[in-house]
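Student: Here is what each chain is made of, one letter per residue.
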Amino acid sequence: MIEKVFKGNSRYWMWLAILSAFVGVGAICYIRQYLFGLGLTGMGRDLSWGLYISQFTFLVGVAAGGLMLVLPYYIHNYKVFGRLTILGEFLAIAAIVMCLMFIMADIGQPLRGLNMMLHPTPNSMLFWDMVVLLGYLGLNVICSWVILTAERKQVKPPRWVYFFVYLSIPFAVSIHTVTAMLYCGLPGRHFWLSAITAPRFLASAFAAGPALIVIACLVMKRVANFDAGKEAISKLTTIIMYAALINAFFVVLEFFVGYYSNIPGHKHSLEYLFFGLEHHGVVYNNLVPFMWSSVILCFGGLGLFGYMKIRKVSTDLMVGIGCAMIFIALWLDKGLGFVLGGLVVNPLDEIVEYYPTANEIGIALGIWATGLLLVTLLYKIAVDVEHEVEA
Amino acid sequence: MDKQRRKFLKIAGATALAGISAPAVVKLTSSSAMASSGHGAAVTEDAHKAVSHGAEEVPTTVRFGMVVDMRKFYGKPELLDKAIDACRKVHNIPQIDNKKSEIKWIWKAPFENVFPEHSGYHSSNIKEDNDFLVLCNHCDEPPCVRVCPTKATFRLPNGIVAMDFHRCIGCRFCMMGCPYGARSFNWENPRPYIKEYNPDFPTRMRGVVEKCNFCGERIALGKEPACLEAVKGSGAIFFGDLNDPESEIRKVLEQENTIQRKPSLGTKPSVFYIV
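Those protein sequence lines, which keep their order, are chains B and F.
Going by this note's numbering, the first residue of the first sequence is number 1, and it counts up by one from there.
Going by this note's numbering, the first residue of the second sequence is number 1001, and it counts up by one from there.
What the hints contain is simulated information worked out from the structure, not anything from laboratory work.
Don't take every hint at face value.
As the list claims (entries may be wrong) - List of simulated lysine to aspartate or glutamate pairs, EDC-like, C-alpha gap at most 20 Å:
(1) F/K1262 to B/E386
(2) B/K267 to F/E1117
(3) F/K1108 to B/E254
(4) F/K1151 to F/D1131
(5) B/K267 to B/E254
(6) F/K1100 to B/E350
(7) F/K1100 to B/E386
(8) F/K1100 to B/D349
(9) F/K1099 to B/E386
(10) F/K1099 to B/E353
(11) F/K1099 to B/D349
(12) F/K1127 to B/E350
(13) B/K267 to B/E386
(14) F/K1089 to F/E1246
(15) F/K1099 to F/E1188
(16) F/K1262 to B/E353
(17) F/K1100 to F/E1117
(18) B/K267 to F/E1112
(19) B/K4 to B/D349
(20) F/K1262 to F/E1112
(21) F/K1099 to F/E1117
(22) F/K1232 to F/D1081
(23) F/K1076 to F/E1117
(24) B/K230 to B/E386
(25) F/K1127 to B/E353
(26) F/K1108 to B/E350
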């Protein structure tokens, strides 16, 4: 099936060329970082995780989001998602590849990465994160490839593959739960030390992943003659709405705990993220505009979807805008605010703000471009197989 | 038939689960409920344990600890610098004058930063005017060791939390886990920043984490920690075995009122302060 990626129209090749340019820039930036060290990033002694880890955290959510297609189709036999599950699985593959690349970009001695496997350490959540991420990647590769091959040959998928399909469901939950556990089990990091971190991650994942899939479907409808169907898109927007609402509810709960208990450590990060944190006469607020954009986009997207559902109007443009708003809102919330907000107060009660460097942003864009490239190639295969079967 | 099999599986599953979890439950319930400081009220805690679980086991292992008598440092910042410089020389610590990339094993900081959990409101002038010594606490329950994915940082049988610079992959998870900010990462090659090279201790490469090692390499040779040696005579730093009731450090702990950094986190620091 791989041969499908080598045939395409000029727009397809143009898109690949643009992405490749970003990949190239990212690669050059990474070589610079590899030769000099992580000092080329904006991270430092007091703020030692930054853009890479926050992107990793967000993308684990995107990967887990595919569950919202797999679960209704395979467990509840919701046939409408039949054409979409493969897209969810392929998106998960690309997202996890991005996650692994962000991890490799973030570690100081990438050549020693195998020490994670040579010296397995079950008490470390990072070890378990590696286990579930690689597991989920493997499961998605097996399931998507076997099922797509069967579809192409117009035979039923072999029975054994359903074992892996069902296994991938708890794995999807586990990847984001374990990723949350990286954060929520650390003493002295008050913002992260919250049992609601894992459910909050899952809620935002179940909105962000499907939102990206809907956007991809709308794009492919225009450029690749692939129609996911109105009902499927409509059902997906409902799922996105509920998940985004639950995420917003969890954020409100964090506010309640922080501000009602009035414990400074629980308030500091929220204050910094949303209002600006005052310390010795200086106000630290570089993320405030991002966080309020997130709030406005989230509720704007929800409002748009709500309007569409009540008035029973729906155009592709409206759906696309709504999904993009919610996706960006959740990216700002989790891909920036969660990690950076939790680190703004260091263990010695000093305040350090984080500004990524150009090199760091170059690497991050390069990895995102690699992921998009991979998604494009995989979706090309999926769509072409569909067309082949239909023909 | 089917129903019976289902019932059997249920019972078997529940039994297996109970069997597996029993040791964990026993272990969880048997640990002392109020052990946040690791020493705090040693007498009452021991008494409590003796009542509930028979005779308390006397620890047979060594657990190194340190008492910093800040009273001896008040008004003498040069004494603090002496201790810090001694460590820098002994351990080839690079001197990077950049808050983002600096490497710190032992350093000085204001009271409100070292002890953020203690109120700084209307605190005494002596706390306002003096810097306090900060170093790795060599916790009895070190979160950095718990989170490290490669066992590159580990607790030695003598209580020292040590680092293997060759195994560290530089993920910096330990820096996230440490609630004391005791760890530094080599953001770039540190070797050009080493002022005086000491051939007896390894230099580090970029991309690995490092921190105070309680001078484990010196203790092995029967020497004292470098910071202690540098301020010897002032009686400002005591070092010894916290598990030995006859040790000098235990005598100091029995006589003086000491505090630890962030005891509520349950890390059980081995560094004590007299303020």
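Student: Confirm or reject each hint.
Tutor: We went through each hint and held it up to the structure:
In summary, the hint linking F/K1262 to B/E386 is not supported, as the alpha carbons are separated by about 60 Å, beyond the 20 Å threshold. Distance check on the hinted pair: B/K267 and F/E1117 sit about 15 Å apart at the alpha-carbon level, within 20 Å; holds. Between F/K1108 and B/E254 the alpha-carbon distance is near 35 Å, which puts this suggested pair outside the 20 Å criterion. Restraint check for F/K1151 and F/D1131: not satisfied, since their Cα atoms lie roughly 34 Å apart, outside the 20 Å limit.
This hinted pair checks out: B/K267 and B/E254 have alpha carbons roughly 9 Å apart, not beyond 20 Å. Under the criterion of a C-alpha separation no larger than 20 Å, the hint pairing F/K1100 with B/E350 is consistent with the structure, at around 13 Å. Restraint check for F/K1100 and B/E386: the C-alpha separation of about 53 Å exceeds 20 Å, so the hint is violated. In summary, the hint linking F/K1100 to B/D349 is supported, as the alpha carbons are separated by about 16 Å, within the 20 Å threshold.
Our distance criterion of 20 Å between C-alpha atoms is broken by F/K1099 and B/E386, whose separation comes to about 56 Å. Annotation: proposed proximity of F/K1099 to B/E353 holds, straight-line Cα distance about 12 Å (limit 20 Å). The suggested pairing of F/K1099 with B/D349 holds, with an alpha-carbon distance near 15 Å, which does not exceed 20 Å. Taking the CA atoms of F/K1127 and B/E350, the gap is about 17 Å. The hint holds against a cut of 20 Å.
About 52 Å separates the Cα atoms of B/K267 and B/E386, which puts this hinted pair outside 20 Å; it is violated. A C-alpha spacing of about 32 Å is found between F/K1089 and F/E1246, which places the hinted pair above 20 Å, so the restraint is violated. For a cut-off of 20 Å, the pair hint linking F/K1099 to F/E1188 stands: about 13 Å separates their Cα positions. Among the hinted pairs, F/K1262 with B/E353 is inconsistent with the structure: their alpha-carbon atoms are about 24 Å apart, more than 20 Å.
Taken as a hint, the F/K1100 and F/E1117 pair is broken in the structure, with Cα atoms around 25 Å apart against an allowance of 20 Å. Using a Cα cut-off of 20 Å, the hinted pair B/K267 and F/E1112 holds, with the two alpha carbons roughly 18 Å apart. Taken as a hint, the B/K4 and B/D349 pair is broken in the structure, with Cα atoms around 56 Å apart against an allowance of 20 Å. Restraint check for F/K1262 and F/E1112: satisfied, since their Cα atoms lie roughly 12 Å apart, inside the 20 Å limit.
A C-alpha spacing of about 24 Å is found between F/K1099 and F/E1117, which places the hinted pair above 20 Å, so the restraint is violated. This hinted pair checks out: F/K1232 and F/D1081 have alpha carbons roughly 13 Å apart, not beyond 20 Å. Proximity of F/K1076 to F/E1117 is assessed by CA-CA distance (about 25 Å); at most 20 Å being required, the pair is judged violated. This hinted pair checks out: B/K230 and B/E386 have alpha carbons roughly 17 Å apart, not beyond 20 Å.
With a C-alpha separation of about 27 Å, the suggested pairing of F/K1127 with B/E353 is violated against the 20 Å cut-off. Of the pairs offered as hints, the one joining F/K1108 and B/E350 holds, with about 14 Å between alpha carbons and a cut-off of 20 Å not exceeded.
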